[in-house]
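Going down the list, the sequences are from chains Y and H. Under the numbering used here, the first residue of the first sequence carries the number 1, and numbering increases by one thereafter. Under the numbering used here, the first residue of the second sequence carries the number 1, and numbering increases by one thereafter.
Do not take every clue at face value.
Stated by the list, open to error - Taking lysine to aspartate or glutamate pairs in the DMTMM-like style, the calculated list, with each CA pair at most 20 angstroms apart, reads:
1. Y:K22 to H:D96
2. H:K16 to H:D372
3. H:K14 to Y:D117
4. Y:K193 to Y:D157
5. H:K16 to H:E392
6. H:K22 to Y:D96
7. Y:K14 to H:D117
8. H:K22 to H:D32
9. H:K16 to Y:D96
10. Y:K16 to H:D117
Said to hold, decoys possible - For the chain H half of the interface with chain Y, some residues (derived, Cβ under 8 angstroms), not all of them:
11. I2
12. S9
13. A12
14. E44
15. F51
16. R56
17. G61
18. T102
19. D109
20. A116
21. S154
22. A236
23. G238
24. P264
25. L265
Calculated directly from the structure, the hints in this document are not laboratory data. Computed from a predicted structure; not experimentally measured. For every residue, glycine included, the Cβ atom is placed at its ideal position computed from N, Cα and C.
Chain by chain, the residues:
Protein chains: 2
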Amino acid sequence: MINYEPFLSRSAEKMKESAIRKMGGVAAQGRDIISFAPGYPAPELFAWQEFADITRTLLSGSDGAVLQYGPTRGYRPLLETITGLMAARGAVTSIDRLLVTTGSQQGLDLVARVLADPGDAILVELPTYTGAITAFRNTQAYMIGVRQDADGISLDDLDEVWKRQQQVGRRVRFLYVVPNFQNPTGLLISLAKRHALLEWADRRNVLIVEDDPYRDLYFSDAASESDVRPMRSDDASGRIIYLSSFSKTLAPGYRVAWIDAPAPLAAKFELAKQAADLCTGGLDQRVIHQACRRGVLDRQLPILRAHYQHKRDVMVEALRTSLGEILHWPAPRGGFFLWATLPGGLDADAMIGRAVANGVIYVAGEAFFVDDSGRDRVRLSFSAATPERITEGVARFATTVREELDAPRERPRPSVTA
Amino acid sequence: MINYEPFLSRSAEKMKESAIRKMGGVAAQGRDIISFAPGYPAPELFAWQEFADITRTLLSGSDGAVLQYGPTRGYRPLLETITGLMAARGAVTSIDRLLVTTGSQQGLDLVARVLADPGDAILVELPTYTGAITAFRNTQAYMIGVRQDADGISLDDLDEVWKRQQQVGRRVRFLYVVPNFQNPTGLLISLAKRHALLEWADRRNVLIVEDDPYRDLYFSDAASESDVRPMRSDDASGRIIYLSSFSKTLAPGYRVAWIDAPAPLAAKFELAKQAADLCTGGLDQRVIHQACRRGVLDRQLPILRAHYQHKRDVMVEALRTSLGEILHWPAPRGGFFLWATLPGGLDADAMIGRAVANGVIYVAGEAFFVDDSGRDRVRLSFSAATPERITEGVARFATTVREELDAPRERPRPSVTA
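Chain Y extracted, bound-state conformation (with noise of 0.2 angstroms):
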């Protein structure tokens, strides 16, 4: 047998499995485990009826083009249709600025290769969504966190940060942030620091990623549309690359997402996408575009919006009944995310096994951090399991947490400094 390590890249030698995506194959295992882990969108919402019709016509032949390779930037309707969606959001672009992506993953690598080399620095939120770190990671670039308030990132944190790098001689590429109902804490940036990080961007020079997957599942008690304005529709400078899905809206199985960004790095875009995969399927694009056309988006989000509260409320009641004395989260007021800590200093990968053998699940915290914190948090995802599961699903977690607090503890993990 060859010893395959010595072919390996740099790169490839310091890639790790992404936490959630371990956690998807616990749960694919069959077993009565309920998952609070992935943040599914409820496939229970889909609207299959409205999808089957469209691809019937769609596959009925007269148009060849639907099986084939297409432009790399995009099946042209659909991009007209997200010029539209952007407008909406309050931010005018155009074709020239636009490029459909398959999912968002695929978005925040190219921005990654496009934007950062070795050595570089990406400053990210502490915590920040897992995809983005193991994108971000392949540049080896340096990960450098930025710890938030309650409402998002900290402004003084930043720009010390910031100067940090300064000093060390690191160029600052990009500032990478969620500010709709943040992955994984479901924080929301104010309006005034959105303002406020435009102005940052301009004054350090710096561009800023908005990864921007969840906003229209804002919560009607503690969220409304003028609350999820991206900083894209006031960035007059031209710092914002703007990332938005319809992953979470319609469905993750089409992968089909978008950038937008100003023209020159558009173009870059889709260069670094023509050496990745192309171009995003043909029948995805399509049907995506129909549904959009036909006005299924449009009916559904009214539609995800309420359902996604009622599980946050499910699982906020059954987490408030089993664990509110020892548990702690800032209340979702949006997405797919609940994001706690955990009584005690409890570290939650080492309590894995023990929810595992009770039969949930969830990630540990420690998966969003690039300094190696976060030992004690929890991310539960209440987007995908039934309100009965949800609230089972608790009593599970709720367990496992109080026998890990009465468990003798074993000895602290080492600290590893990322």
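Go by the hints and put chain H onto chain Y.
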């Protein structure tokens, strides 16, 4: 307006537009242009009715996983199907060696990311598939060209090139080859040479990336199933990373291909794919799986072989009639491409303007060479156009060549070292 140049990664600075994709843009302009440029399969042969039937069942809504995120490795039943396809090609494989990719372009990208560092050497044929060049270039490795004989890559030159890389201190990470009906030349590597390549890889401790999208499309008058046996099937020592695809046989609009590789490498490709796009589309994978299971693929293959062989005949006959004395090409024994050398040292890229004016396009050969040669070559795809359009397109091409021969020559373009 911000100058974005200082924000670009070194890799992004060097990204170039694919010559094939560029020609796709010309073809999409809607004028009466006959395209011999991209290697598009013939859409009239796609199994439209069967795809529609399969999709109706899948979109019933009874299985929510159809439109959900899926495992990065791929949809398990499809992986099992691919195990069977590999067995039919003479290769014993297993799930832990396989990864579904979002088209083979993604496979090339993952291979490059996992195996190549800046400054490494990657060996490729002269000429080679331009999509591979694009993917490999992003690693900032050196691509070193190896000459071809009539039966594919020259073993003598291969070892010479390898030795030269040793002398200059560059690690040779892998050799990339398309043994069956190579893109762009249409060449088939002889079985003896395949065995010799495996021995060479063992002797020199190099991996081989075997890219095999066209193997099923052999022409009965010139090749048979035994001629297209993958090197992978005789790889006793684990040197081969094998890529194949459903794009040329079922449809490229479903972005479904696969990698078969030694398990430790497959695990790394999986991690790289997590960062690249999380997973390949769930519906696409299920449609392809069902098309295999229901026998659609098996029924299609003889139809496709006869169809493309006929189109090859039409193109060869038309070229013989109109340019037979002055244009030269190796006879295509399968696949999609005819590779021709222009007379009188004509520059294929410089001739494009005249070709477009005459209503025909092709890909200029230099896009397939990593050493800036091949300017008098053209790749003509006979796969997508109808027989009538092939005949008409060749007439336009012949006019273009004759006009170009008669035109006053401009100075040759200055040579640029790659």
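To see whether the hints hold, each was checked on the structure:
In summary, the hint linking K22 of chain Y to D96 of chain H is supported, as the alpha carbons are separated by about 16 angstroms, within the 20 angstroms threshold. Only pairs whose Cα atoms come within 20 angstroms are accepted, and K16 of chain H paired with D372 of chain H is accepted, the gap being roughly 14 angstroms. Proposed proximity of K14 of chain H and D117 of chain Y is supported: the alpha carbons are some 13 angstroms apart, at most 20 angstroms. A distance of roughly 13 angstroms separates the Cα atoms of K193 of chain Y and D157 of chain Y; the hinted pair therefore holds under the 20 angstroms criterion.
Distance hint between K16 of chain H and E392 of chain H is unfulfilled; the C-alpha atoms sit about 32 angstroms from each other, more than 20 angstroms. Under the criterion of a C-alpha separation no larger than 20 angstroms, the hint pairing K22 of chain H with D96 of chain Y is consistent with the structure, at around 16 angstroms. With a C-alpha separation of about 13 angstroms, the suggested pair K14 of chain Y and D117 of chain H falls inside the 20 angstroms cut-off, and the hint holds. This hinted pair checks out: K22 of chain H and D32 of chain H have alpha carbons roughly 17 angstroms apart, not beyond 20 angstroms.
A hinted pair counts as satisfied when its Cα atoms are at most 20 angstroms apart, and K16 of chain H with D96 of chain Y qualifies at roughly 17 angstroms. Distance restraint check for K16 of chain Y and D117 of chain H: the Cα-Cα separation of roughly 18 angstroms lies within the 20 angstroms cut-off, and the hinted pair is therefore satisfied. Nearest Cβ of chain Y to the Cβ of I2 of chain H: about 5 angstroms, under the 8 angstroms cut. The hint holds. Below 8 angstroms, beta-carbon pairs count as interface contacts, and S9 of chain H has one with chain Y at about 5 angstroms; its hint therefore holds.
Given the 8 angstroms rule on beta carbons, the hint for A12 of chain H holds: about 4 angstroms separates it from the nearest Cβ of chain Y. Interface hint at E44 of chain H: satisfied, since its Cβ lies 7 angstroms from the closest Cβ of chain Y, which is below the 8 angstroms cut-off. With 8 angstroms as the threshold, the beta carbon of F51 of chain H comes within range of chain Y, its nearest partner Cβ sitting at about 5 angstroms, so the hint holds. Hint on R56 of chain H holds. Least Cβ distance to chain Y is approximately 6 angstroms, under the 8 angstroms limit.
At a threshold of 8 angstroms, the smallest CB-CB gap from G61 of chain H to chain Y is about 3 angstroms, leaving the interface hint in force. Annotation: T102 of chain H was flagged as interfacial toward chain Y, and the flag holds, the nearest CB pair being 5 angstroms apart, inside 8 angstroms. Annotation: interface hint on D109 of chain H holds; nearest CB of chain Y at approximately 5 angstroms, less than 8 angstroms. This hint holds: A116 of chain H has a C-beta 6 angstroms from the nearest C-beta of chain Y, less than the 8 angstroms allowed.
For S154 of chain H, the shortest C-beta to C-beta distance to chain Y is roughly 24 angstroms, which exceeds 8 angstroms, and the interface hint is violated. Taken as an interface hint, A236 of chain H does not check out: its beta carbon lies about 11 angstroms from the nearest beta carbon of chain Y, beyond 8 angstroms. Satisfaction of the interface hint for G238 of chain H is found here, the shortest Cβ-Cβ separation to chain Y being roughly 5 angstroms, below the 8 angstroms cut-off. Annotation: interface hint on P264 of chain H holds; nearest CB of chain Y at approximately 5 angstroms, less than 8 angstroms.
Because the smallest distance between the Cβ of L265 of chain H and any Cβ of chain Y comes to about 6 angstroms, under 8 angstroms, the interface hint for this residue holds.
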